[in-house]
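There are 2 protein chains.
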Amino acid sequence: MLNFTFHNPTRILFGSGRIADLAREIPAGARVLITRGGSSVERNGTLAEVRQALAGFTVFDFAGIEPNPTCETLLQAVELARRERVDFLLAVGGGSVIDGTKFIAAAIPFEGDPWTILSERAPVRQAVPFGCVLTLPATGSEMNNGAVITRRATQDKLAFSSRLLFPRFSVLDPAKTRSLPPRQVANGIVDAFVHTTEQYLTYPVDAKVQDRIAEGLLLTLIEDGPKTLSDPEDHNARANLMWTATLALNGLIGAGVPQDWATHMLGHELTALHGLDHAQTLAIVLPALLQERRTQKREKLLQYAMRVWNLRDGGEEQRIDEAIARTRAFFESLGVPTRLSDHGIGADAIPVLLAGLERHGMTALGERRDLGLDCARRIYERAC
Amino acid sequence: MLNFTFHNPTRILFGSGRIADLAREIPAGARVLITRGGSSVERNGTLAEVRQALAGFTVFDFAGIEPNPTCETLLQAVELARRERVDFLLAVGGGSVIDGTKFIAAAIPFEGDPWTILSERAPVRQAVPFGCVLTLPATGSEMNNGAVITRRATQDKLAFSSRLLFPRFSVLDPAKTRSLPPRQVANGIVDAFVHTTEQYLTYPVDAKVQDRIAEGLLLTLIEDGPKTLSDPEDHNARANLMWTATLALNGLIGAGVPQDWATHMLGHELTALHGLDHAQTLAIVLPALLQERRTQKREKLLQYAMRVWNLRDGGEEQRIDEAIARTRAFFESLGVPTRLSDHGIGADAIPVLLAGLERHGMTALGERRDLGLDCARRIYERAC
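Going down the list, the protein sequences come from chains A and B. Residue 249 in the numbering used here sits at position 249 of the first sequence, and the numbers go up by one each step. Numbering-wise, the numbering used here comes out as the position in the second sequence, counting from 1, plus 384.
These are computed hints drawn from the structure, not numbers from a lab. Every value quoted in this text rests on a predicted model; they were computed, and no experiment measured them. Misleading hints may appear alongside valid ones.
Covered by chain B, according to a simulated footprint, are these stretches of chain A (three or more residues, beta-carbon under 8 Å) [claimed, not checked]:
1) 6-14
2) 84-90
3) 202-209
4) 257-265
Sample of chain A residues lacking proximity to chain B, with all beta carbon distances greater than 12 Å (derived) [claimed, not checked]:
5) G38
6) G45
7) A55
8) T116
9) G146
10) R212
11) A214
12) L229
13) S230
14) G251
15) D348
16) G361
17) D374
In silico negatives: residues of chain B with every beta carbon more than 12 Å from chain A [to be verified]:
18) G440
19) R678
20) D697
Ideal Cβ placement from N, Cα and C applies to all residues, glycine included.
In isolation and in its complexed conformation, chain A is listed as follows:
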């Protein structure tokens, strides 16, 4: 096992009816800004439930945070928050809303251009405290301190994190995910799956607990992901999916092990340039990347084949092939395509994707920092 530091102070309020408990988590007298996306939380009643729980606080509302939240939109919320002297933020939504809220929290007290927090890694010295009401199990943002923000003007999609940006609390009520459209549920399953593989399918360091937790998350996604899609009333499956997605990126399975994240980096370029959903890009890149990196990831791929897909027969190469094929088939079974061509993207798009990677400094990726642009090209080619 590698040395690690683990710290995650976010309080999780999990289960039915927990929105009612959030007022106790917010300082008395706070001026609260609700941050959210579109109107779905209005339609399904979640926003009304949140507003009821916030009776007694001064509440403002900022709607319109988009999927792949943009700096341009978020700065409007920053302006509102500064004008109204907001001192607590409450994100009501999925990963995009929560990621966006982290940027807002850091930007409100920031002097200068807040985009430099991402573009120049300007340090976050203060942040407005915030909580979350999660409506979409997927990104894990509700229990970590990282975020990915896009700048529309330049098509840049960049990540940042800060020890000041853990949510104070997150409410995870599985019932609040019942009205999600299937596409978002499926995307969430893929997202949590690939968060797990980025921290698991690398090279072995004999970190037995981390490996087994990762395998437990993958098995749960494989078992209960499809159940959630086929029967929206299956509360248990929905609850397991929600907690799994949170644990997939709260630091636990990544503690003391190598991490990859190349699938994400190659995927970000697809979102920035072609507008694909984040999870759609992961479903395309991962199977191609595992094939291309099967030598470097050999031992963990064999472990994955055995423990996650129960593949015990046949030679080693065959088991690796089969494990990758099962991964692809799993994504396809959720209705998430795994080829660039499924989105009308051809090989001619690859040079521009590579130029994007280069421009963003993504030229030494992977758990050993040996995945360069040549290798990235071969992965995109395999994904065609």
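Fit chain B to the supplied structure of chain A, relying on the hints for placement.
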């Protein structure tokens, strides 16, 4: 899955050489009281390493916290801390030292008799902050907010917890456990094993991730526990054992599931009345309890048989018998006996043990609160 709240703000510094980092975790200018047990941390160099890391702080030292720490001893540390205006505690040791330090932390600012925190559940309204340097993987106290304290005068052994009693940080350096005697290593393995079963071997609530994490902890203990005993230089096994013991009782596997803890309560009486090591009592009670409660725990015992002991053949009763037998054999293989008679305790001791349970209000134990004194008697009888 049941509703739950999960919150664990302890920062973990894991790995070789991490003691050097602890100064950054303590407020500048703090007056630090080191709390510890016997002289082993002096002999193996850990105390010297801690003192070196604390250069620049005003440091006091309190040695002599015993296994099953007593209120009588701990109040001496409270007196010292009050006199010297100590404002940070640093526990250097295993679970007993850390548990004791939690009591000291709560007792220093407490008005009145601190024992009432346990005996009358007097609320803890303040606590002196503290950190830990763990030298014995076992109890999980380094990443939770609970403690068990004994009062020598009355032979009472009682538990308490408070949201103010999470360690600010804990240093987990596996190398610092290398000089432990085999008996303490073996006890630690049993302790972590039974912490896990208390939260896992109950009744199913379809909490798939919690179950799989629990199974991952048990499998790791079964694999790497014996390795740690047979080869003290196996750093990887030692590291896995240390992180496993922490995760076995940090709230994660108990979130959203029923919990038992009857093995602990029946064991506490054995320690209080016969002076057995805590883990020795667990190794005696658990196999007997699982036999006695096999009907109530049937579904989880079958899952345990399959996923932990890989028992797939034979009828259900047979698999349950075999899983319990394997559990007993595992404890015995570590050198921890599983019968009262191994300690020279006969059936004649049982009435006094039952009277102790009754006096401590332990008359409705187990995950369904249906384990009364009659059932406790049958468990002690099976353990003879």
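Inset, instruction - Compare the structure with the hints numbered earlier in the document and write down the numbers of the violated ones, lowest to highest. - result: 2, 4, 10, 11, 14
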